[in-house]
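Starting from the structure of chain A, add chain B where the hints point.
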Amino acid sequence: MNWPDLSMGGYGFYVWGSYIFSLIAIVWELVSLSHRKKALAQQQSATSVPTSVPASVLGGSANETTS
Amino acid sequence: MNLYKYASPATFYPLAGKMIPWFAIPSAILFAVGLYVGFFVAPTDFQQGDAYRIMFIHVPAAWMAMLLYVLMAIYAGIGWAFNARLSSMMASAIAVTGAMFTLLSLVTGAFWGKPTWGTWWAWDARMTSTLILLFLYIGFISLQAAIDDPRRADRAGAVLALVGVINVPIIYFSVQWWNTLHQGATIRLLGKPTIAKPMLTALLIMLAACWLYSAAVVLIRLRCIILEREQNASRFAEVEV
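As they're listed, the protein sequences go chains A and B.
For the first sequence, my numbering begins at 914 and goes up steadily by one.
For the second sequence, my numbering begins at 21 and goes up steadily by one.
So here's chain B without its partners, still in its complex pose:
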């Protein structure tokens, strides 16, 4: 099977349409299961009480914000380096969902911060670098919207996305590099998690749900972008003739 053919918007468009339900339906099921486990199975935390349940949306949103930014930068970079239209379109499709998850992580973090730290917001390293991530997403979206020529917009967006990717490790390691109000990581790639099993289960299910949701929504948006760009290109071609 020649997978390279799917690098063309023409062949990827129908494939994306077929893939959307395979992401959307499991996502809805996992959201329901994750919320059930998070609210009905996971016990009350002995220190934070029930306020910790914000974690089941806050942590997946924060992870998705970072992961989607890295993905966006990779796609934008590939689109720029190889002049691959579909990659650039994919980067544009990811940006809005990434921005939404960043906003969610900031707002739900504020909702969690008020009862646990006594403040909605503090200019600490984790929160400030996450706010910068939101500005990077907004900058990427605004830059692409401000430039009429899609190819120039893609190139400009790619530069911003690639420069901004340096902020992702800063967000991740900020709690280790600086003294911050934000708590350290409870789940590490290497090493045992420091939370109870039902809490971890709910967290991982919600993370999977957010991943599948993102995939479905990004593919829907990608299909819109393919159509919009090709319609604009056709119109432009008509004017040129």
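With the rest of the complex left out, here is chain A:
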């Protein structure tokens, strides 16, 4: 096992910079999805739909049938 030097041989800013940016991007995506789910749950509870899926979804079909 090689223990890497944290300074990455002088390239630490570039290596850690790229990984920190990637982490921020992934966390941003997960947090924004979580907010979206919460907002949807609030909307659903406001309209007091009893199931987790709207009735129109439960009765939906694969293709568009309405004009």
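Treat the hints with caution; some may be incorrect.
With the C-beta cut set under 8 Å, the calculated list includes, among others, these residues of chain B facing chain A [claimed, not checked]:
#1 Phe60
#2 Thr64
#3 Phe66
#4 Asp70
#5 Ala71
#6 Arg73
#7 Ile74
#8 Thr117
#9 Val127
#10 Phe131
#11 Lys134
#12 Pro135
#13 Ile240
#14 Arg241
#15 Cys244
#16 Leu247
Straight-line C-alpha distance at most 25 Å; calculated DSS-like pairs for lysine-lysine [what the hints assert, rightly or not]:
#17 Lys38/B to Lys950/A
#18 Lys38/B to Lys25/B
#19 Lys38/B to Lys951/A
Because the hints were derived from the structure by calculation, they are not lab data.
All residues carry an ideal CB built from backbone N, CA and C; glycine is no exception.
Quick look at chain B alone, frame taken from chain A:
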């Protein structure tokens, strides 16, 4: 088993919910293993030093950016051709993750370019075509957001996605077709890879992690889109009545 029934948002919604943990948990494990192999097992490169370790996030991100665009175009095309709602919703769900991976490949590429080429950015064929890919993703997302009627938005998005798919082979072959600053492919579908085994192992594990992450996140977003669209449809129906 009738798989066609899963083409309906109603039946796919609960199935997607069950599938998410099967993608999310292995993805987290593989990210941890991939980073461990990439940082603790893979040796320092004799030419680039430790700067090459950016590869373990840059290369999977670039591959995912291209693969997700092709998938998005296929789903958008199927949705348009067969009027299949779930396919169009899937295309919309893929777009944001694809855009994120494209941005990641550009930014991590800039972080890699500065120590190795001496510049953050150059207007070379690979980088410019990848930037165009980001604009295509942004265009797809913006177009869908700008049109109120989801069916019209899906059709408009499908046209853009299908036209833009021509950019993917341009990105892939750009390093062969033109003289670019960007290095050639180190891993080919046919032929031996030109990197050491531990480096290749870390790269492939990180690629698998990114694939599983994308699948999990796209399914979560797809479930949101199904609910949003059906809520909007219900509201619209109430107004109509």
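- Broken hints, numbered, in rising order? 3
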